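Quick one: dock chain against chain with the hints and give me the complex.
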Amino acid sequence: DAGVTQSPTHLIKTRGQQVTLRCSPKSGHDTVSWYQQALGQGPQFIFQYYEEEERQRGNFPDRFSGHQFPNYSSELNVNALLLGDSALYLCASSSTGDRDASGANVLTFGAGSRLTVL
Amino acid sequence: AQSVTQPDIHITVSEGASLELRCNYSYGATPYLFWYVQSPGQGLQLLLKYFSGDTLVQGIKGFEAEFKRSQSSFNLRKPSVHWSDAAEYFCAVGVYSGGGADGLTFGKGTHLIIQP
Chain A
3 DAGVTQSPTH LIKTRGQQVT LRCSPKSGHD TVSWYQQALG QGPQFIFQYY EEEERQRGNF
63 PDRFSGHQFP NYSSELNVNA LLLGDSALYL CASSSTGDRD ASGANVLTFG AGSRLTVL
Chain B
80 AQSVTQPDIH ITVSEGASLE LRCNYSYGAT PYLFWYVQSP GQGLQLLLKY FSGDTLVQGI
140 KGFEAEFKRS QSSFNLRKPS VHWSDAAEYF CAVGVYSGGG ADGLTFGKGT HLIIQP
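Heads up: the sequence lines are chains A and B, in that order. Take the first sequence: its position 14, counting from 1, is numbered 16 in my numbering, and each next residue is one higher. Take the second sequence: its position 111, counting from 1, is numbered 190 in my numbering, and each next residue is one higher.
Looking at chain B on its own, in the form it has when it is part of the complex (with noise of 0.2 angstroms):
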């Protein structure tokens, strides 16, 4: 079975700063990869995701990941933080069972905190 990991439970970083949440996946094959981003007493919202080729991907918000396969990790970039990034981040992996069924592994997240 699939698993992940988000080493740090907490970031902080200084608003105008770069950002780096890391993430390293557990799976046999290549999984699909995905970072979701939740704000308080919201829902999951897709800032990118990994399925096959370029392994640099971009997604929204200025927000990137890279996936590199020796190190089974998918960490999450942005170059400058702004205060509207502050909340809780997960990376998540999925396997395509071939039935058409994906349930997706979640990891337990980063909570992110953006200083003045």
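Excised from the complex, chain A in its bound form (with noise of 0.2 angstroms):
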């Protein structure tokens, strides 16, 4: 059973790119989340997708978007790359199915993509 899958595993760009990051989800997961783990930080939620809408965001500004698709796979994508945006990202995903009583859930996180910006 395939876990979370992400690609690429490592890229480099420079200022002013435009990078797609890729993520398909654990099997049987609807949902998908993406964090991005500077260095020597602990991973930041950007934002979480559910039948193809964004569902929450955290505090990135409009430069990352993204998108799912029906078969629950995710794009992270990130315009106009600062320095600062080089950092590891994640995605992580989880089932609407397997939430308890308190609507509490589990992830499961992918390996994550290695960007660096130059």
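A hint or two may mislead.
Each computed SDA-like pair below joins lysine to any residue, with the alpha-carbon atoms no more than 20 angstroms apart [to be verified]:
hint	chain 1	residue 1	chain 2	residue 2
1	B	187	A	88
2	B	128	A	62
3	A	28	B	125
4	B	128	A	108
5	B	140	A	87
6	B	128	A	88
7	B	140	B	86
8	B	187	A	65
9	B	187	A	28
10	B	187	A	43
11	B	187	A	17
Think of the hints as simulated: they come from the structure by calculation, not from any bench. Given the structure is predicted, the values throughout are model-derived calculations rather than measurements.
Put into structure tokens, the structure is as follows:
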């Protein structure tokens, strides 16, 4: 059973360019979340997608956008890259059917895409 | 908004010794609490979680954590560490917003070093 898969694993871009990162959720999962993890920091929530719509967004500028496809896979797009966008981008998936009675859920994380902006 | 503090950036423990990693959270109600572990070049692996009920929760790899509401803490413990436990440990808090969304807030992590 494949877990969460992300591509590419590593990439290098220059300032001002645009990047697209891809994520396939774990089989049976319908919700995808994206996190940014800068070097030496904890992951920061970017946004979450469910039923092809952005359901929640963290404190990130509009340069960060996403998309979810009918097969539940997702893309993260970052425009006008800045040096500070260099980070490990983590995708996490979950299933609405796995929520407990209180609504809590567990995320399964992928290994991430390491973006370096020069 | 919720927040998570992991006061110890680095901790060094001898192999076979006990371990306690501290986590304090800030949130008005009872949040959902998690501990994740990250090895170099890897994603995050869930160690354990607290949603409700028994405040002492057991996880994988021999880890346990105790939720203490009065102290707003969720410390991670292990009675005897192994060299393979060397990694980065993250505490996280989640809040169910009713609409189904639940972005997690993570602490900055504690780097665990195991010395022989």
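Now for the hints, and whether the structure bears them out:
1. Between residue 187 of chain B and residue 88 of chain A the CA atoms are separated by roughly 17 angstroms; this keeps the pair inside 20 angstroms, and the hint holds.
2. Between residue 128 of chain B and residue 62 of chain A the CA atoms are separated by roughly 27 angstroms; this puts the pair beyond 20 angstroms, and the hint is violated.
3. This hinted pair checks out: residue 28 of chain A and residue 125 of chain B have alpha carbons roughly 15 angstroms apart, not beyond 20 angstroms.
4. For the hint linking residue 128 of chain B to residue 108 of chain A, the alpha-carbon distance of about 8 angstroms falls within 20 angstroms, and the restraint holds.
5. A distance of roughly 34 angstroms separates the Cα atoms of residue 140 of chain B and residue 87 of chain A; the hinted pair therefore is violated under the 20 angstroms criterion.
6. Of the pairs offered as hints, the one joining residue 128 of chain B and residue 88 of chain A is violated, with about 30 angstroms between alpha carbons and a cut-off of 20 angstroms exceeded.
7. Between the alpha carbons of residue 140 of chain B and residue 86 of chain B the distance comes to roughly 23 angstroms, so the proposed pair goes past 20 angstroms and is violated.
8. Among the hinted pairs, residue 187 of chain B with residue 65 of chain A is inconsistent with the structure: their alpha-carbon atoms are about 24 angstroms apart, more than 20 angstroms.
9. Taking the CA atoms of residue 187 of chain B and residue 28 of chain A, the gap is near 26 angstroms; set against the 20 angstroms cutoff, the hint is violated.
10. Restraint check: the Cα-Cα separation between residue 187 of chain B and residue 43 of chain A comes to about 5 angstroms, which is no more than 20 angstroms; the hinted pair holds.
11. Of the supplied pair hints, the one linking residue 187 of chain B and residue 17 of chain A is violated, its CA atoms being roughly 26 angstroms apart against a limit of 20 angstroms.
Going down the numbered hints, you'll see the structure goes against 2, 5, 6, 7, 8, 9 and 11, while the others check out.
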